[in-house]
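*Asks:* Take a look at the letters that make up each chain.
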Amino acid sequence: MKKMMEKIKIACTTENLKDVRKFVNTTLSKLHIPENEINMIVLAVDEICANRIIHSNKSDKNNQLEVQISDRSEGLEFNIKDSGEFYDNTIQDDPNIPTLIKEKRKGGIGLMLVRRIMDTIEVKKEESYTTYTLFKKLNISHA
Amino acid sequence: MNITTLKENQYYILLIDGELDASSSITLDNALTEALSKKESKILVDCSRLNYISSAGLGVFMSYLQDFETEKISMVLYQVSEKVKNVFTILGLDSLIKIVANKDEAIGLMK
Numbered sequence: 002m003k004k005m006m007e008k009i010k011i012a013c014t015t016e017n018l019k020d021v022r023k024f025v026n027t028t029l030s031k032l033h034i035p036e037n038e039i040n041m042i043v044l045a046v047d048e049i050c051a052n053r054i055i056h057s058n059k060s061d062k063n064n065q066l067e068v069q070i071s072d073r074s075e076g077l078e079f080n081i082k083d084s085g086e087f088y089d090n091t092i093q094d095d096p097n098i099p100t101l102i103k104e105k106r107k108g109g110i111g112l113m114l115v116r117r118i119m120d121t122i123e124v125k126k127e128e129s130y131t132t133y134t135l136f137k138k139l140n141i142s143h144a
Numbered sequence: 004m005n006i007t008t009l010k011e012n013q014y015y016i017l018l019i020d021g022e023l024d025a026s027s028s029i030t031l032d033n034a035l036t037e038a039l040s041k042k043e044s045k046i047l048v049d050c051s052r053l054n055y056i057s058s059a060g061l062g063v064f065m066s067y068l069q070d071f072e073t074e075k076i077s078m079v080l081y082q083v084s085e086k087v088k089n090v091f092t093i094l095g096l097d098s099l100i101k102i103v104a105n106k107d108e109a110i111g112l113m114k
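In order, the protein sequences belong to chains A and B.
When we follow this note's numbering, the leftmost residue of the first sequence carries the number 2, and every step to the right adds one.
When we follow this note's numbering, the leftmost residue of the second sequence carries the number 4, and every step to the right adds one.
Derived from the structure by calculation, the hints contain no laboratory data.
Possibly wrong hints are sitting among the right ones.
[To be verified] Within a straight-line C-alpha distance of at most 25 Å, the following computed DMTMM-like cross-link-like pairs (lysine to aspartate or glutamate) qualify:
| no. | chain 1 | residue 1 | chain 2 | residue 2 |
| --- | --- | --- | --- | --- |
| 1 | A | Lys138 | A | Glu86 |
| 2 | A | Lys103 | B | Glu72 |
| 3 | B | Lys101 | A | Glu104 |
| 4 | A | Lys62 | A | Glu104 |
| 5 | A | Lys10 | B | Glu22 |
| 6 | A | Lys31 | A | Glu127 |
| 7 | A | Lys4 | A | Glu16 |
| 8 | A | Lys10 | A | Glu123 |
| 9 | A | Lys23 | B | Glu22 |
| 10 | A | Lys4 | A | Asp95 |
| 11 | A | Lys103 | B | Asp107 |
| 12 | A | Lys62 | B | Asp32 |
| 13 | B | Lys101 | A | Asp95 |
| 14 | B | Lys42 | B | Glu85 |
| 15 | B | Lys86 | A | Asp20 |
| 16 | B | Lys88 | A | Asp20 |
| 17 | A | Lys8 | B | Asp32 |
| 18 | A | Lys82 | A | Asp94 |
| 19 | A | Lys125 | A | Glu36 |
| 20 | B | Lys88 | A | Asp95 |
| 21 | B | Lys114 | B | Glu74 |
| 22 | B | Lys86 | A | Asp95 |
| 23 | B | Lys10 | B | Asp107 |
| 24 | A | Lys23 | A | Glu7 |
| 25 | A | Lys107 | B | Glu85 |
| 26 | A | Lys31 | B | Glu22 |
| 27 | A | Lys105 | B | Glu11 |
| 28 | A | Lys62 | A | Asp89 |
| 29 | B | Lys86 | A | Glu16 |
| 30 | A | Lys8 | A | Glu127 |
| 31 | A | Lys107 | B | Asp107 |
| 32 | B | Lys42 | B | Asp32 |
| 33 | A | Lys107 | B | Asp97 |
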């Protein structure tokens, strides 16, 4: 089977999230993945990128973030890598939605969405880089 | 993303056009704050041109639910695409935020 590996590099600003979404969408569309699955995966990658851009890179356009999509047996792996501050938000439990509403909180549900969409989420720190690795089980057919 | 606001009788309509993500959700936040400050009590959100929503957009809607309940403000979203509705459904927010098929149904819920 032909192995696939595609990547995009963006400056750390939320205006560039649309480019990441377009990249993931275009890459996955070539693999004949159902549209609904693609939409969910695009969302999960967007959520991690938005978190990293805003919280770890403070939307600093001089910092870069890279998204890489690769074939793995039984699915796809998404690596999101940047040199911003290390923070592993996967150690936190999911928030309670009624509590968030009561406290009028706007944030806190991004990772919850990612957990429901992806099969695994791993965070690694290597030298000055933080990498979030998301894995999604999928039947992939290469055209 | 753009939000157009208009008043039709007692209804305050927000038409969201584009993608609601971490970069654009502030626009929705400002529009809902404005509706709240104008003491609008019947807010209709036309989602027919909303083609993407992430947690940032969901979070903005969520953050007003408490104030809307206290102030007895109704908010109904309508003409939400399946793609966008699915995002509300993942976290069960479709049971906390009213989402209906069309404007007539939305108005019907407010009577």
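*Asks:* Hint by hint, say whether it matches the structure.
*Replies:* Here's how the hints hold up against the structure:
1. A:Lys138 to A:Glu86: violated (29 Å)
2. A:Lys103 to B:Glu72: holds (10 Å)
3. B:Lys101 to A:Glu104: holds (20 Å)
4. A:Lys62 to A:Glu104: With a Cα-Cα distance of about 32 Å, the restraint between A:Lys62 and A:Glu104 is violated, given a limit of 25 Å.
5. A:Lys10 to B:Glu22: holds (21 Å)
6. A:Lys31 to A:Glu127: violated (31 Å)
7. A:Lys4 to A:Glu16: Violated: A:Lys4 and A:Glu16 sit about 31 Å apart, past 25 Å.
8. A:Lys10 to A:Glu123: At roughly 20 Å apart (the allowed maximum being 25 Å), A:Glu123 and A:Lys10 satisfy the hint.
9. A:Lys23 to B:Glu22: holds (12 Å)
10. A:Lys4 to A:Asp95: violated (35 Å)
11. A:Lys103 to B:Asp107: Distance ~30 Å between A:Lys103 and B:Asp107 Cα, so the pair is violated.
12. A:Lys62 to B:Asp32: holds (24 Å)
13. B:Lys101 to A:Asp95: Distance ~23 Å between B:Lys101 and A:Asp95 Cα, so the pair holds.
14. B:Lys42 to B:Glu85: violated (31 Å)
15. B:Lys86 to A:Asp20: With Cα atoms ~19 Å apart, B:Lys86 and A:Asp20 stay inside 25 Å; holds.
16. B:Lys88 to A:Asp20: holds (22 Å)
17. A:Lys8 to B:Asp32: The hint is violated at about 33 Å.
18. A:Lys82 to A:Asp94: holds (23 Å)
19. A:Lys125 to A:Glu36: Not OK: A:Lys125 and A:Glu36 at ~30 Å, beyond 25 Å, violated.
20. B:Lys88 to A:Asp95: holds (21 Å)
21. B:Lys114 to B:Glu74: holds (17 Å)
22. B:Lys86 to A:Asp95: holds (23 Å)
23. B:Lys10 to B:Asp107: Answer holds: B:Lys10 to B:Asp107 is near 16 Å, not above 25 Å.
24. A:Lys23 to A:Glu7: holds (13 Å)
25. A:Lys107 to B:Glu85: holds (23 Å)
26. A:Lys31 to B:Glu22: holds (23 Å)
27. A:Lys105 to B:Glu11: violated (28 Å)
28. A:Lys62 to A:Asp89: holds (22 Å)
29. B:Lys86 to A:Glu16: Given that 25 Å is the threshold and the Cα spacing comes to 21 Å, the pair holds.
30. A:Lys8 to A:Glu127: Holds, because 19 Å separates the two Cα atoms, which is no more than 25 Å.
31. A:Lys107 to B:Asp107: Violated, because 29 Å separates the two Cα atoms, which is more than 25 Å.
32. B:Lys42 to B:Asp32: holds (15 Å)
33. A:Lys107 to B:Asp97: holds (17 Å)
Hint compliance for this structure: hints 1, 4, 6, 7, 10, 11, 14, 17, 19, 27 and 31 are not met, and every other hint is.
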